[in-house]
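Protein chains in written order, with the numbering used here: chain U, 1 to 261; chain C, 1 to 304; chain F, 1 to 367.
None of these hints come from the bench; they were simulated from the model. Treat the hints with care, since some could be wrong.
Stated by the list, open to error - In silico DSBU-like links for lysine-lysine, alpha-carbon gap of 30 Å or less: (1) F:K8 / U:K8; (2) U:K236 / U:K178; (3) F:K8 / U:K130; (4) U:K236 / F:K208; (5) U:K194 / U:K72; (6) U:K130 / U:K153.
Claimed, not checked - Simulated coverage check for chain U against chain F, where a stretch passes if three residues somewhere in it have a Cβ under 8 Å from a Cβ of chain F: (7) 72-85; (8) 93-99; (9) 102-112; (10) 115-127; (11) 131-141; (12) 169-175.
Keep in mind that this is a model prediction, so the values were computed, not measured. The C-beta atom is built at its ideal place from N, Cα and C for all residues, glycine as well.
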Amino acid sequence: MNSPDNKKSILVLKDISLSFKGVKAITDISFNVYEGEICSVIGPNGAGKSSMLNVINGVYIPQEGTISFDGKEFTKMKPHSAAVMGIGRTFQNIALFSGMSVLDNIMSGRNLMMKANFWEHALNIGRAEKEELEHRQAVEEIIEFLGLQSIRKTPVASLAYGLQKRVELGRALAAKPKMLLLDEPMAGMTMEEKLDMSCFIQEINRNYGTTIVLIEHDMGVVMDISDHVVVLDYGKKIGDGAPDEVMNNQDVIDAYLGVSH
Amino acid sequence: MDYAFFLEVLVGGLLSGIMYSLVAIGFVLIYKSSGVFNFAQGTMLLLAALTFVSLTERMVNFWVAFAITLMIMVVLGIIIERTVMRPLANQSLLSLFMATVGLNYFLEGLAQGVWDSAVHGVNLGISNDPIFLIDKFPVLGLDIIVSYFDMAAAGIAGLMILGLSLFFTFTRTGLSLRAVSDDHLAAMAVGIPLSRIWAIVWAVTGVICLIAGLLWGDRVSVSFTLTSAVLKGLPVILIGGLTSIPGAIVGGLIIGASEKLGEIYVAEWIGGQGIEHWWAYTTALLFLMVRPTGIFGEKEIERV
Amino acid sequence: MFYREAGKLVGSFGKDRRMLPLLEDRWLAVLFVAFMYFVVTAIASDYMFTAILIPIMVLGVATLGLNIAVGYTGQLSLGTAGFMCFGAFSAFNLILRIDWMTIPLAFFLSGMIAGGVGIIFGLPSLRIKGFYLIVSTLAAQFFAEWVFNAYPWFLNYTSSGVVSLPMHHYRVFPGQENTPFNAAFWYSSQGRYLVTLTVTILLVLACKNLVRSNTGRNWMAVRDMDIAAKVIGIPVAKTKLMAFFISTFYCGVAGAMYCYCYIGNLDFMIFNLRRSFLVMFMVIVGGLGSILGSFLGAIFVYAWPILITRGSDFIFGGGAIDTAFIENNSKIVVGTIIIVLLIREPGGFAALWSSSKQKLRVWPFAQ
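Chain U with its partners taken away, still in its complex shape (with noise of 0.2 Å):
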């Protein structure tokens, strides 16, 4: 691994406040995650973390603070031009479209590459036809690298919760992001569910190089697959760093294992 000052920087978030009428959920914070790595995000429940994610992709705007991604900056991002940038998300309770198929979900995660307009859509004609079975290639390879061949017809609403978090996944993964927000990928699953999952993860991250922003509560997991952890409690930074180093700092031991605030 790769220490971080010669590593570029693809995301820098620079004292990020969001608050809920007067609740405070983010206050003041900053750091960066590095080009190619993967990132993990802790902390107890209610410490901000889905919110950053949140911030990260433009679905809450931040009353302070700056992001920027890929060198540009800004202090209102949205989450369609997040999606432009190639910043790829999956949700904590499953977001999937309950009422299409696996296939279509998966697909649907291309439209940002699909031009055809909608005469084109409703006469089958021009870049219509083509580009649809151009993408079903594309994301057919996702489906066979996620092992949901079987399944590819399929309304997603009757699968089990593992499935669909691993369609969720395809469908970020459809979109080619640079880089992916991943929020509690493995909450709730079984042992092997786990381990296939944080598999896809890693090959995600070796073979396409996307950079990776995860939340998790597996600590097991966390300190096997992350580069660089950063740990919020209270809606505050108190730990950024290599998984060892944080993992030996007194504020985040303290966080865990709970001191009176």
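Since the structure of chain U is provided, determine the placement of chains C and F on it from the hints.
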């Protein structure tokens, strides 16, 4: 612009707005407790008025007829709750709404089958004379004419609203209702009998339907056009924010005033009478563009 | 056993993406269309054309239009009849005022105009969500009812408020002035039936194409979870407006056909809120988000009163049951069916159809 005339129109609008609020409150109660906009309310109103009218036409005493109709409405409310709403608990908003639209259709067919579509009159014995406000209430200093009936109806509606507000603010049932409207599951978990609350709400709605039906019936006669009361109440509660009784009142006043003022000052300007329907909805739309969940509605934070 | 699904494998994504992947289904579809064009045209009675086939197809198109907004994109709309009204009046004025206008072109353009109106009334959907949105489409409904009454220009200053159609010229095919053929074609119920059938088939095919394309996926994504749709880069605002446009395009064409092919006169009174609800019932009964369902719903809701009438005429002799009874009865039945379907099978007739197909697949080995 003639100031006194403007005021007269405005006051007339506000008074009829109270009538809209009365219908809207029925919607609010049901929406609060079971999360559905009850489209069948208009037909329930009609059913109440028709039942009452057919009783009084058979020389039944006013109060006896009132009591019998009340009972019928309460029973009807409970039956609807049992057979339609309860099996659909936790369905999507759209399904619930559609179910009430279906229910509306059903009740309409039933009412027409039982009563045919003749027009009945109902007379509550409230005079319909115009009164000069300056004579009756010199304190206000308003030299305008209003309809006595409108005043009386607004008064009854106001009392009704006040009574309901007190009931739902200070009684146990009211507290339970508010808990249910926040979260069905949580309310059930702390032992609130959901089905009883629903039954109470539907029964109360039956009462509101009866009173609104009589007032509206006296004003515009009891016929199938009465079902359009639902269309008057709809923009009202949307402006008010679906779950709020004060919202229904304010919404009613806004729609009432806007309708009358629009009819006088806007209609001739854009060339045609009868704009009140779409005017009310456009007013509601403008309010919603500013506050997408109504004036008193809760703004939801999207959690993902 | 000629019809079986097992063992039919496809060799390419293109074949997998077909509207009807099964060869047998494609043959059935071709046969059905051929039957509708040749056999029905040849043998059906005038009553069949004007009272059954044409209205069902017209209402089916309107239902399909509403289904695009409600079933596919999740945007509640109660303004269907209003949008149909815009379409009908557009078609009338185009044909009345433009010399070279032909009927197919007028249908298309009236769809476009209605679609434009749909975009305007769809704009609030960008800010207002869920149930609050019905305000916008109801405003459209009442506005339509009002505007065509308030401005007699739209009705060509006809004092009675009803114009009988077609009164000016009736060019079904381009290039010909009012030739006898054109007139004969248009005034025969077969001619109007063929026009309706062709338009309906084209619109169904276009809809099928849309829902299996990126456009359709975007609609459904917005319907199922708009926040997730936004996050994966779907332009939610554009998708909603496009759905409103296409939905009202269908409604507009349906409105134009309703007047020109079905009732033969133009009258804003028929496009009232009641009709909007009727179309909404067709969507629910048929099945949200289903093309087949749109037509099943239209058939059921439209044909039920007719069935009762014909049935009673057959059993008790003509006129034994009065029309009021039938109207009330059909209200009660349709109302009940809507409630029962919502409770038992929210997917409507379309879902019943596919689940019974599923049962047949495994019959008699499992339930």
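| Do three or more residues from the region 72-85 of chain U put their C-beta atoms closer than 8 Å to C-beta atoms of chain F? | This one holds; 5 residues, not fewer than the three required, reach chain F with a Cβ under 8 Å.
| field | Verdict on chain F covering the region 115-127 of chain U, criterion of 3 CB contacts below 8 Å | value | holds (count 6)
| field | Coverage claim, chain F over the region 131-141 of chain U, checked by counting residues with Cβ within 8 Å (three needed) | value | With 6 residues close enough to chain F, the hint holds.
| said: What's the verdict on K8 of chain F and K8 of chain U, does the C-alpha distance respect the 30 Å limit or exceed it? | reply: Judged against 30 Å, a Cα distance of about 52 Å means the pair is violated.
| field | chain F over the region 102-112 of chain U, status - at least 3 residues with CB closer than 8 Å | value | holds (count 6)
| query | CA of K236 of chain U to CA of K208 of chain F, is that 30 Å or under? | reply | violated, 51 Å
| query | Are there three or more residues in the region 93-99 of chain U whose C-beta lies within less than 8 Å of some C-beta in chain F? | reply | holds (count 5)
| Quick one, are K8 of chain F and K130 of chain U close enough, alpha carbons at most 30 Å? | holds, 24 Å
| request: Between the region 169-175 of chain U and chain F, see if three or more residues pass the 8 Å beta-carbon test, and mark the coverage as holds or violated. | output: Holds, because 3 residues of the region 169-175 of chain U bring their Cβ atoms closer than 8 Å to Cβ atoms of chain F.
| request: Given the hint that K130 of chain U pairs with K153 of chain U, test it: the Cα-Cα distance must not exceed 30 Å. | output: holds, 21 Å
| Is it true that the CA of K194 of chain U sits at most 30 Å from the CA of K72 of chain U? | violated, 35 Å
| said: Can you confirm whether the C-alpha distance between K236 of chain U and K178 of chain U stays at or below 30 Å? | reply: Within the cut-off at roughly 27 Å; holds.
Of the numbered hints listed earlier, those contradicted by the structure are 1, 4 and 5.
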